[in-house]
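Build the full structure now, drawing on both the sequences and the hints.
Taken in sequence, the protein lines are chains Y and X.
The first sequence begins at 1 in this note's numbering and counts up one residue at a time.
The second sequence begins at 1 in this note's numbering and counts up one residue at a time.
Just so you know, not all the hints are guaranteed correct.
If you want the ones that stay clear, here's a sample from chain X, every Cβ over 12 Å from chain Y, calculated [said to hold, decoys possible]:
1) HIS13
2) VAL95
3) ALA116
4) GLU270
Heads up, simulated EDC-like pairs for lysine to aspartate or glutamate below, C-alpha to C-alpha not over 16 Å straight-line [stated by the list, open to error]:
5) LYS312(X) <-> ASP295(X)
6) LYS146(Y) <-> ASP255(X)
7) LYS327(Y) <-> ASP337(Y)
8) LYS146(X) <-> GLU111(X)
9) LYS312(X) <-> ASP255(X)
10) LYS146(X) <-> ASP337(Y)
Hints are computed from structural coordinates only; laboratory data are not their basis.
Owing to the predicted nature of the structure, the values given are computational and were not obtained by experimental measurement.
Yeah, the Cβ is synthetic: ideal placement off N, Cα and C, and Gly gets one too.
Residue strings, one per chain:
Number of protein chains: 2
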Amino acid sequence: MKKAYVRPLDLRHGSVDLSHGGGGRAMVQLISDIFARAFDNEWLRRGDDGAVLPAPAPGERLVVATDAHVVSPLFFPGGDIGCLCVHGTINDVAVMGARPLYLAASFVLEEGFPLAELQRVVLSMAAAAREAGVPVVTGDTKVVEKGKGDGIFITTTGIGALPAGRELSGANARPGDAVIVSGTLGDHGMAIMAQRENLAFDSAIRSDTAALHGLAAVAMDAALDLRLLRDPTRGGLAATLNEIAQQSGVGIVLDEAAIPVDPQVAAACEFLGLDPLNIANEGKLIAVCPAAQVDGLLAALRAHPLGARAAKVGEVIADDHRFVQMKTAFGGRRMVDWLAGEQLPRIC
Amino acid sequence: MKKAYVRPLDLRHGSVDLSHGGGGRAMVQLISDIFARAFDNEWLRRGDDGAVLPAPAPGERLVVATDAHVVSPLFFPGGDIGCLCVHGTINDVAVMGARPLYLAASFVLEEGFPLAELQRVVLSMAAAAREAGVPVVTGDTKVVEKGKGDGIFITTTGIGALPAGRELSGANARPGDAVIVSGTLGDHGMAIMAQRENLAFDSAIRSDTAALHGLAAVAMDAALDLRLLRDPTRGGLAATLNEIAQQSGVGIVLDEAAIPVDPQVAAACEFLGLDPLNIANEGKLIAVCPAAQVDGLLAALRAHPLGARAAKVGEVIADDHRFVQMKTAFGGRRMVDWLAGEQLPRIC
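Structure follows, in structure tokens:
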């Protein structure tokens with residue numbers, strides 16, 4: 001690209017200005033110096049308005065998922081908005097049972113956002129995409145005036161391929177099925193909250209943000225009649241199980257004693273008066289499968305680095321009220337409702 | 001969905017609050033009452049984390065394009081951010097030569113944004129998607145605190161199918177080819193600017209925002225050796241032709257007298273000291289084809305309601321400098337450079 005009349009980007013001290021969204025040379029320079037360099041692949045290199053890509057194999061269906069990411073702060077223990085947006089969208093594709101193929105990314109940048117932070121975010125995205133084997137094939141950048149945004153918002157869209165005959169859906173849960181989680185609950189949300197509230201612990205609570213398509217593949221191989229997979233993000237396990245109960249027309253009973261929660265996360269939740277069941281996760285799967293396939297599924301999940309603490313946490317029952325309940329440690333039962341409103345704003 | 005404990009949305013007086021992004025019932029209600037109702041289709045109705053969709057026909061390739069939309073004001077003569085984001089993304093897919101199939105939409109809403117305006121935007125999106133025959137199959141909604149956004153930002157991602165053997169690209173222009181535009185230049189950008197600057201004209205300048213996949217299909221049928229299609233949005237014709245010159249390694253010479261510009265747009269440009277060649281369009285195609293196919297292409301474009309004022313505006317020449325020049329009405333020549341920076345912020 002010819003950029004003779006644009007001063008080079010000052011990646012150390014420079015910041016985003018409106019010219020970087022203007023469709024002129026400054027935007028071309030920003031895209032080539034930061035985005036194209038980090039995401040470099042054959043599709044982006046063509047520089048067209050969109051990416052031309054190999055379609056799924058014959059008989060496979062397309063899966064498409066999109067997510068806006070507005071997490072605050074942008075950088076937190078265990079991750080940042082860059083890897084989070086890659087992981088989150090890959091996970092939405094993976095829980096549909098699909099093989100993630102491609103990512104598209106669009107950026108809304110606030111005037112004055114430091115180029116050094118932008119590059120840090122983009123490099124984190126690129127590293128996460130490379131590690132997951134899912135390239136960012138096309139993108140877009142807009143800039144809004146100072147005070148009209150908040151540093152950076154990123155929307156990622158994922159495209160995947162779903163093999164013929166595979167039908168995972170929140171509507172598939174049946175009475176007698178088991179509910180399994182792949183690990184501890186609440187890590188991501190509490191990592192964000194602990195940073196916002198400046199809570200001090202022996203060691204920082206780290207987000208569990210991770211790409212789950214590998215773990216999802218393990219689950220699908222291990223449980224032949226797997227009903228569904230979900231990633232319990234906003235609203236946590238409580239919201240996800242209530243959605244499943246609604247979609248499937250069933251009830252769910254959880255066993256409090258069986259739910260894995262990191263001790264520091266539990267302590268932080270108690271301190272802040274939060275329930276781990278409502279806290280967002282970014283690296284955990286919920287799986288529902290027939291009772292007979294629980295042992296095989298748990299063994300397979302636990303053999304994967306992201307599923308070491310997988311556990312059966314409850315079962316599906318017949319319930320016309322579609323209630324999610326929990327057997328408490330004291331032997332009682334309580335409703336596990338989803339929250340009416342907002343517990344943790346801008347968690348993802 | 002059970003929403004018993006959430007008060008119904010007040011679509012007349014209500015506004016977005018943080019609870020609408022929280023993953024709880026308020027978000028479920030917002031999505032079901034405004035988004036799902038407007039976009040209603042079989043894929044959205046499943047309520048899963050992503051959409052499962054038929055893949056392109058055997059032999060076809062995928063085309064993916066994504067765009068963030070931050071246009072200000074949200075409503076302008078001829079359109080609004082809702083139809084604009086549908087048209088813009090369909091057009092990015094269409095100029096690749098692909099048949100647009102599906103749209104994904106993600107929303108970043110600012111706390112306090114009136115629900116009535118949100119519904120107006122969403123209904124406009126839904127109408128544009130329906131008219132274009134390209135459904136919104138999945139989406140996401142986030143809410144940011146008041147002062148951290150600007151009402152509504154929308155990222156749309158388009159997925160299309162590209163027939164085997166079709167290869168349109170900005171790299172295909174060859175010396176001797178003709179450059180064609182499908183109609184008047186600068187309408188969208190000047191409609192926005194005129195509203196921002198409160199310029200008064202006999203009649204308001206209207207945005208040309210429109211879905212161009214039908215017109216693109218006409219162009220591909222009419223010119224068998226069509227080199228490329230582009231939609232000259234941000235940066236206008238000047239930026240798009242400079243991109244093509246760069247990608248193809250050629251020069252381009254425009255004929256000023258042949259470039260169609262609406263008289264009111266020309267007057268507004270003169271008043272504001274702007275060049276129509278730099279102004280964004282949202283409903284125009286640029287086509288490059290062999291000289292021998294110009295007449296057939298122009299006749300076909302002019303027979304389509306969106307191409308009535310199609311014209312040949314220049315030709316491709318051999319030029320190692322990859323310059324875009326213009327023969328002026330006075331017989332001279334001037335460089336048509338792309339702007340270094342920002343002329344019209346938040347035009348799309």
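Tested hints:
{"no.": "1", "hint": "HIS13", "result": "18 Å, holds"}
{"no.": "2", "hint": "VAL95", "result": "6 Å, violated"}
{"no.": "3", "hint": "ALA116", "result": "21 Å, holds"}
{"no.": "4", "hint": "GLU270", "result": "21 Å, holds"}
{"no.": "5", "hint": "LYS312(X) <-> ASP295(X)", "result": "9 Å, holds"}
{"no.": "6", "hint": "LYS146(Y) <-> ASP255(X)", "result": "40 Å, violated"}
{"no.": "7", "hint": "LYS327(Y) <-> ASP337(Y)", "result": "14 Å, holds"}
{"no.": "8", "hint": "LYS146(X) <-> GLU111(X)", "result": "5 Å, holds"}
{"no.": "9", "hint": "LYS312(X) <-> ASP255(X)", "result": "9 Å, holds"}
{"no.": "10", "hint": "LYS146(X) <-> ASP337(Y)", "result": "28 Å, violated"}
Checked against the numbered hints above, the structure breaks hints 2, 6 and 10 and satisfies the rest.
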